[in-house]
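Participant: Sequence:
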Amino acid sequence: MDESEIVQSITEVLMSFKFQTDINGFEYLRSAILLCYQDEELKNNISKKVYPMVAEMHNSNAQTVERGMRTAIENCYNSGGLLEINEVFGLIVYKNDFKWTNGEMISLFVEILKIKEKRQLLNEKLLLLKGEIK
Numbered sequence: 277m278d279e280s281e282i283v284q285s286i287t288e289v290l291m292s293f294k295f296q297t298d299i300n301g302f303e304y305l306r307s308a309i310l311l312c313y314q315d316e317e318l319k320n321n322i323s324k325k326v327y328p329m330v331a332e333m334h335n336s337n338a339q340t341v342e343r344g345m346r347t348a349i350e351n352c353y354n355s356g357g358l359l360e361i362n363e364v365f366g367l368i369v370y371k372n373d374f375k376w377t378n379g380e381m382i383s384l385f386v387e388i389l390k391i392k393e394k395r396q397l398l399n400e401k402l403l404l405l406k407g408e409i410k
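Numbered according to this note's numbering, the sequence shown terminates at residue 410, and the numbering increases by one at each position without gaps.
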């Protein structure tokens, strides 16, 4: 996948879990997921590397990026989106007394994208084997 396809896929995944697209935190989160998807080592350096990189991309600062992502995740929970993650993956990502960090959420979405990409590749291989794609 090229970068525009990855960004589109990230957008679709986030929207499927009811993230609001009209807030800066959505853009910050999408950018952070893209960076970590492209370089998984960044998942271990969210605060020191990813926030500053995203801030630079959006002419902001690391603190605003962190807070914006946290707000986007909180809004998603309030709209019921993260409850779907609980159901789909059997994971508790958000309860009243327990919240995943921004970094954990970014890592989860990177893994969701990788699964989605692998599923797409497998489907294409199956179609090739069946002779439906030339």
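For the record, the hints were derived by calculation from the structure and aren't laboratory data. These numbers come from a predicted model, not from an experiment. In this text, a Cβ means the ideal position worked out from N, Cα and C, and glycines have one as well. Among the hints, a few may not be true.
Derived DSS-like pairs: lysine-lysine, alpha-carbon spacing no greater than 30 Å straight-line [to be verified]:
#1 Lys324 x Lys390
#2 Lys294 x Lys406
#3 Lys390 x Lys375
#4 Lys324 x Lys401
#5 Lys392 x Lys406
#6 Lys406 x Lys390
#7 Lys406 x Lys319
#8 Lys325 x Lys375
#9 Lys294 x Lys319
#10 Lys401 x Lys325
#11 Lys325 x Lys392
#12 Lys375 x Lys394
#13 Lys390 x Lys325
#14 Lys394 x Lys294
#15 Lys401 x Lys390
#16 Lys406 x Lys324
The calculated label-pair distances, taken between Cβ atoms and stated as ranges, are [unchecked claim]:
#17 Met291 x Lys375: 16 to 26 Å
#18 Glu400 x Asn354: 32 to 42 Å
#19 Thr340 x Arg395: 31 to 41 Å
#20 Glu317 x Gly407: 34 to 44 Å
#21 Leu404 x Gln339: 45 to 55 Å
#22 Lys401 x Gln296: 29 to 39 Å
#23 Asp298 x Lys401: 13 to 23 Å
Participant: For every hint, state whether the structure bears it out.
Facilitator: For each hint, the structure was consulted:
1. Lys324 x Lys390: Distance ~24 Å between lysine 324 and lysine 390 Cα, so the pair holds.
2. Lys294 x Lys406: Answer violated: lysine 294 to lysine 406 is near 36 Å, above 30 Å.
3. Lys390 x Lys375: holds (23 Å)
4. Lys324 x Lys401: violated (40 Å)
5. Lys392 x Lys406: holds (21 Å)
6. Lys406 x Lys390: Holds - the C-alpha atoms of lysine 390 and lysine 406 are around 24 Å apart, at most 30 Å.
7. Lys406 x Lys319: This hinted pair is violated, its Cα atoms lying about 38 Å apart.
8. Lys325 x Lys375: Between lysine 325 and lysine 375 the Cα gap is close to 22 Å, so the pair holds against 30 Å.
9. Lys294 x Lys319: This hinted pair holds, its Cα atoms lying about 23 Å apart.
10. Lys401 x Lys325: violated (37 Å)
11. Lys325 x Lys392: holds (26 Å)
12. Lys375 x Lys394: Answer holds: lysine 375 to lysine 394 is near 28 Å, not above 30 Å.
13. Lys390 x Lys325: holds (22 Å)
14. Lys394 x Lys294: It holds: about 23 Å lies between the C-alpha atoms, which stays within 30 Å.
15. Lys401 x Lys390: holds (16 Å)
16. Lys406 x Lys324: Not OK: lysine 406 and lysine 324 at ~48 Å, beyond 30 Å, violated.
17. Met291 x Lys375: 16 to 26 Å: Distance hint for methionine 291, lysine 375 holds at roughly 21 Å.
18. Glu400 x Asn354: 32 to 42 Å: Holds - the Cβ-Cβ distance for glutamate 400 and asparagine 354, about 38 Å, lies within 32 to 42 Å.
19. Thr340 x Arg395: 31 to 41 Å: holds (35 Å)
20. Glu317 x Gly407: 34 to 44 Å: Roughly 40 Å apart at Cβ, these two residues keep to the hinted range, so it holds.
21. Leu404 x Gln339: 45 to 55 Å: holds (49 Å)
22. Lys401 x Gln296: 29 to 39 Å: Because 36 Å falls inside the window, the suggested range holds.
23. Asp298 x Lys401: 13 to 23 Å: This hint is violated: roughly 38 Å between Cβ atoms.
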